[in-house]
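Student: Start from the sequences, fold in the hints, and give me the full structure.
Our numbering numbers the first residue of the first sequence as 1 and each following residue consecutively.
Everything labelled a hint here was simulated from the structure, so no lab data went into it.
One or more hints might be untrue.
FRET-style restraints, in silico, Cβ to Cβ [stated by the list, open to error]:
#1 78 to 253: 24 to 34 Å
#2 328 to 305: 37 to 47 Å
#3 274 to 52: 36 to 46 Å
#4 237 to 350: 33 to 43 Å
#5 39 to 88: 31 to 41 Å
#6 328 to 13: 32 to 42 Å
#7 133 to 81: 18 to 28 Å
#8 225 to 115: 37 to 47 Å
#9 128 to 174: 19 to 29 Å
#10 406 to 5: 26 to 36 Å
#11 38 to 425: 33 to 43 Å
#12 328 to 289: 19 to 29 Å
#13 225 to 328: 26 to 36 Å
SDA-like mimics (lysine to any residue), calculated; alpha carbons at most 20 Å apart, straight line [to be verified]:
#14 212 to 178
#15 20 to 10
#16 95 to 328
#17 455 to 423
#18 137 to 11
#19 209 to 229
#20 137 to 229
#21 176 to 21
#22 176 to 160
#23 8 to 129
#24 122 to 212
#25 406 to 439
#26 54 to 137
Virtual Cβ for every residue (Gly too), placed ideally from N, Cα, C.
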Amino acid sequence: MSKPAIPKGTRDFLPHEVRKRQYIFDTIRQVFELWGYQPIETPAVELLSTLMGKYGEEGDKLLFRILNNGDFLAKADREALQLMDSYRLALSIAKRGLRYDLTVPFARFVVMHQHQISLPFKRYQIQPVWRADRPQKGRYQEFYQCDADVAGADSLMYEAELLQIYDEVFRRLGLKVRIKLNNRKILAGMAEVVGIADHFTAMTTAIDKLDKIGWEGVRAELAQRGIGAEAQTELQKLLHTAQLDALAPLLENSELGRAGIEELRTVWAYLDGITLHQHLSFDPTLARGLSYYTGCIFEVVVDTDAHPSIRMGSIGGGGRYADLTGIFGMKGVSGVGISFGAERIYDVLEALDLFPQGLTQALQVLFVAFDRDTHRFAFRQMSALRQAGIAADLYPEPTKMKKQMKYANALGVPWVILVGEDELKSGKLTLKNMQSGEQSAHSLDEIIAILRASK
RNA sequence: GUGGGUGUAGCUCAGCUGGUUAGAGCGCCAGAUUGUGGCUCUGGAGGUCGCCGGUUCAAAUCCGGUCAUCCACCCCA
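Tutor: So this is what it looks like as structure tokens:
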């Protein structure tokens, strides 16, 4: 018999890990709900025609494909097979794949259900996604995304409220973060002013790596993509201007640049007078790769001043995409959304010991019985406790006490109730506090009162 | 896709430049303690050394291949 295993990049979760994960999901969910977002779910499996071409060439490679059922070779592309062209062959033998993110399925959802929802449609979604990436630390092939998006409204009010959601979720989790804000139109404006508008994607890709490779590295990468030294220097000067008012005159000659500045001012105006607990700042060097964002973009990182021990990439990101549903034939629907990186948040909370106490054990009391008769008696007493809303359990057989106590210990149950001949006769049960070791005899009602009080 | 590390008991690992019966800690089981867990002590079970091949009188150890896994890069959460 071979040793059991699970696919690379996937994980099992033990009970205490699931409880901690659920604490994060619940916190995020509660804030989403408070801000008026509604839950939806979409299938894990989507048609590849829905997914392909939406995440760039790299993304397509990382899509998990599902082999067609039945005699898939009968309909296979024989020419591709002959040519050993795996990519082309795959198109003919797999028509489904696992979802890669939650945004594209959401766009599909909006188009398919446009008559059942009203715009603006505010939805949240907490579900796993899959990527055939090579796993490494903090990166998995199966992981959860927690997204909130608004479809069908241009109002910058939503940018402001999504920033508030970031602020509130991390406040509730007890984590200090820095929320960074920028606008793709400002980046586009910079490209125009510097005269490299035709290199916009290359520019954003390079800027995005600033944290990692520094200015030297960014300049090298810009040079490699055919951007001259003069443009590099000018661009660097613009990116160093982290004050909107100072940047505005420098982008005066770019229509896009002016629009970007104006949008950010509007977002700031909405947040005027609002109390935020986290550090929110305009960061002109925030670029967010080459994704589909067109307006405001956000990113959240752990505040290393407050938590100097943490080294972690972004734990959340999002932004505005002017044409959410265009790829599915529905024009004029703008979208804006944010995403929480739950797995990374978990690692950070764990490293900082920020999970609340008492998350790990729900069971309050374990019954320990000594023989057949008391075991049956204990079963009825346990049922009464459960009826009273107290999480109770009974060791499945009246074996040696040592074994049962050991089990209680391993579970981490705070209380044990001992049921033997004496208890059966007197009708009073022996309640033992597993931490202090103290024990005393009580009626069932008294026990219910004690356990309720100790919850 | 590129580069590197690691595969030895259920888990974490030791085993020096090849040399008889492959070890430790934790965990598990039993006992010290037949109505009391955590701590301690005693004993026990548990391993085709990832797999295939090569070198050698001799391979866990050296070499080649293969598979798995982890880490870094690309990209991303």
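Student: Taking the hints in turn, state whether each one holds.
Tutor: Comparing the hints with the structure gives:
Roughly 57 Å separates the CB atoms of residue 78 and residue 253, a value that falls outside the hinted 24 to 34 Å. Separation of residue 328 from residue 305 is about 43 Å and conforms to the stated range, judged on CB atoms against 37 to 47 Å. The supplied range of 36 to 46 Å is met by residue 274 and residue 52, whose beta-carbon atoms lie about 41 Å from each other. Take residue 237 and residue 350: their Cβ atoms lie about 41 Å apart, and the range 33 to 43 Å holds.
Distance hint check: the CB atoms of residue 39 and residue 88 are about 39 Å apart, consistent with the given range 31 to 41 Å. Checked against the hint of 32 to 42 Å, the C-beta distance between residue 328 and residue 13 comes to roughly 34 Å, which is consistent with it. For residue 133 and residue 81, the Cβ-Cβ distance of about 27 Å falls inside the hinted range of 18 to 28 Å, so the restraint holds. For the hinted restraint 37 to 47 Å between residue 225 and residue 115, the CB-CB distance of approximately 45 Å keeps it satisfied.
Distance hint check: the CB atoms of residue 128 and residue 174 are about 25 Å apart, consistent with the given range 19 to 29 Å. Checking the proposed 26 to 36 Å range against residue 406 and residue 5 shows it holds: the Cβ atoms sit about 30 Å from each other. At about 58 Å, the beta-carbon gap between residue 38 and residue 425 misses the expected band of 33 to 43 Å. Distance hint check for residue 328 and residue 289: the Cβ-Cβ separation is about 22 Å, which falls inside the suggested range of 19 to 29 Å.
Taking 26 to 36 Å as the suggested C-beta distance range, the pair residue 225 and residue 328 conforms, at roughly 32 Å. Restraint check for residue 212 and residue 178: satisfied, since their Cα atoms lie roughly 17 Å apart, inside the 20 Å limit. Of the pairs offered as hints, the one joining residue 20 and residue 10 holds, with about 18 Å between alpha carbons and a cut-off of 20 Å not exceeded. Restraint check for residue 95 and residue 328: satisfied, since their Cα atoms lie roughly 18 Å apart, inside the 20 Å limit.
For the given pair, residue 455 sits about 24 Å from residue 423 by alpha-carbon distance, which is inconsistent with the 20 Å threshold. A distance of roughly 13 Å separates the Cα atoms of residue 137 and residue 11; the hinted pair therefore holds under the 20 Å criterion. With a C-alpha separation of about 18 Å, the suggested pairing of residue 209 with residue 229 holds against the 20 Å cut-off. In summary, the hint linking residue 137 to residue 229 is not supported, as the alpha carbons are separated by about 36 Å, beyond the 20 Å threshold.
Distance restraint check for residue 176 and residue 21: the Cα-Cα separation of roughly 19 Å lies within the 20 Å cut-off, and the hinted pair is therefore satisfied. Simply put, residue 176 and residue 160 have alpha-carbon atoms about 19 Å apart, close enough for the 20 Å limit, and the pair holds. With a C-alpha separation of about 15 Å, the suggested pairing of residue 8 with residue 129 holds against the 20 Å cut-off. For the given pair, residue 122 sits about 35 Å from residue 212 by alpha-carbon distance, which is inconsistent with the 20 Å threshold.
For the proposed pair residue 406 and residue 439, the alpha carbon gap of about 17 Å is at most 20 Å, so the pair holds. For the suggested pair residue 54 and residue 137, the alpha carbons sit about 26 Å apart, so the restraint of at most 20 Å is broken.
Taken one by one, the earlier hints fail for this structure at numbers 1, 11, 17, 20, 24, 26, listed in ascending order.
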